[in-house]
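As given, the protein sequences belong to chains D and H, one line each in that order.
Residue numbers for the first sequence follow the working numbering, so the first one is 326 and each next one is one higher.
Residue numbers for the second sequence follow the working numbering, so the first one is 326 and each next one is one higher.
Calculated from the structure, these hints are not laboratory results.
Be aware that a few hints might be false.
Because identical chains share one entry, a pair is satisfied inside a single copy or across any pair of copies.
Computed list of lysine-lysine pairs in BS3-like fashion (alpha-carbon distance at most 30 Å, straight line) [to be verified]:
#1 K384 x K479
#2 K384 x K371
#3 K371 x K479
Number of protein chains: 2
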Amino acid sequence: MSQVIDFYFDFSSAYTYVGLGRIEQIARNAGRGLNRLPVALGAIFKDRQHSPPAADSAKGRYLALDLARCAAEQGMPFRWPRPFPYNSIPAARGYLWLAARDPDRAADYTRQVFHAAFGEGRDMSSIADLQSLAAGLGFDLEAFAAGLHSPEVKAQLVAQTQAAAGRGVFGAPTLFAGGEMFWGADRLYQLENHLVGAGR
Amino acid sequence: MSQVIDFYFDFSSAYTYVGLGRIEQIARNAGRGLNRLPVALGAIFKDRQHSPPAADSAKGRYLALDLARCAAEQGMPFRWPRPFPYNSIPAARGYLWLAARDPDRAADYTRQVFHAAFGEGRDMSSIADLQSLAAGLGFDLEAFAAGLHSPEVKAQLVAQTQAAAGRGVFGAPTLFAGGEMFWGADRLYQLENHLVGAGR
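Only chain D is shown next, with the shape it has when bound in the complex:
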């Protein structure tokens, strides 16, 4: 039985950048659809009274090292966007507008935003930069920008974020397959093992 994998992420999540290619590959290999669900993780952090570790703390310094190692293991470039975290809400809203029109191109947009942010270190809060990605995918610049600011899209991101929090999402990437939750680019092997087991 083909069931969809729910994939919650935030466009400002460095570990989602590191895991994205494998997540797509795992879903493909298992013959499952991938339901991309960008959320505003900052809002969930705020509700949890959680702050990510400061860049100049012991944990922040280690995580920077770890991200560089994890990216290098997969031959991926890694650069911190400046500033970090960048405001990922425009990118998420842009995704929602695109996905309602063309899910495949919205998936391309997702890859491109993550690559620009963490492969090239660009600040992808820039609406002009998001517009030029959308235009490169064949969408109208002005319609994209208008869509991104529409009340419907704004409400959809809020609702999607609340739904994620309701399912226990507290970080990214988080994946749900057949009721099982997996958090972290370093737990994708568990998702894969689960899907292999479920396919038997």
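Since the structure of chain D is provided, determine the placement of chain H on it from the hints.
Using the frame of chain D, we list chain H on its own:
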């Protein structure tokens, strides 16, 4: 060149329980000594103004699931000690006293404390229970208890914890090999790869 691996941990760290066997095996395979360095992680958390996630939070619930999965992957039993975290300072002091007398039996003690705590769910803050482990390893009950309360041992644990914090330790297990730091039972493959590269 054989260099020692510095292994920082806290006796109340569930991920150290999950990683301990592999840590010992990696060091053995690489022909490296393993320098076991228990610390009082609570003191480091306090300085960092960090609290581990509450057991009834979304993250706390997920970590409980993750620990059960990680233990099951290795065929290890897993039970939360009650209470959790338990006060691990007596166990750490006991280790220091034992290690000064017999490092091999102190290593056995380490395995036994972790197994009792996370394999059997016992509260290993109990000095009587620690004494009975030490006695089972051939040490004198009273000498062990007196040693555990000695000013020298207390000062050694404080100094070791401060040194760990000074090296950037913020969680457990944390390993240092040749100046490189590795944090987490899920990063042991990186330690292993590093040692293989260093041995070429």
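Going down the list of hints, with the structure as the test:
In the homo-oligomer, the alpha carbons of K384 and K479 lie at most 30 Å apart only across protomers (27 Å), although the nearest pairing inside one protomer, at 33 Å, exceeds that limit. Both within a single protomer and between protomers do K384 and K371 lie at most 30 Å apart by alpha-carbon distance, with minima of 20 Å and 14 Å respectively. Taking the shortest Cα distances, K371 and K479 sit within 30 Å of each other inside one copy (18 Å), while across copies they are farther apart (39 Å).
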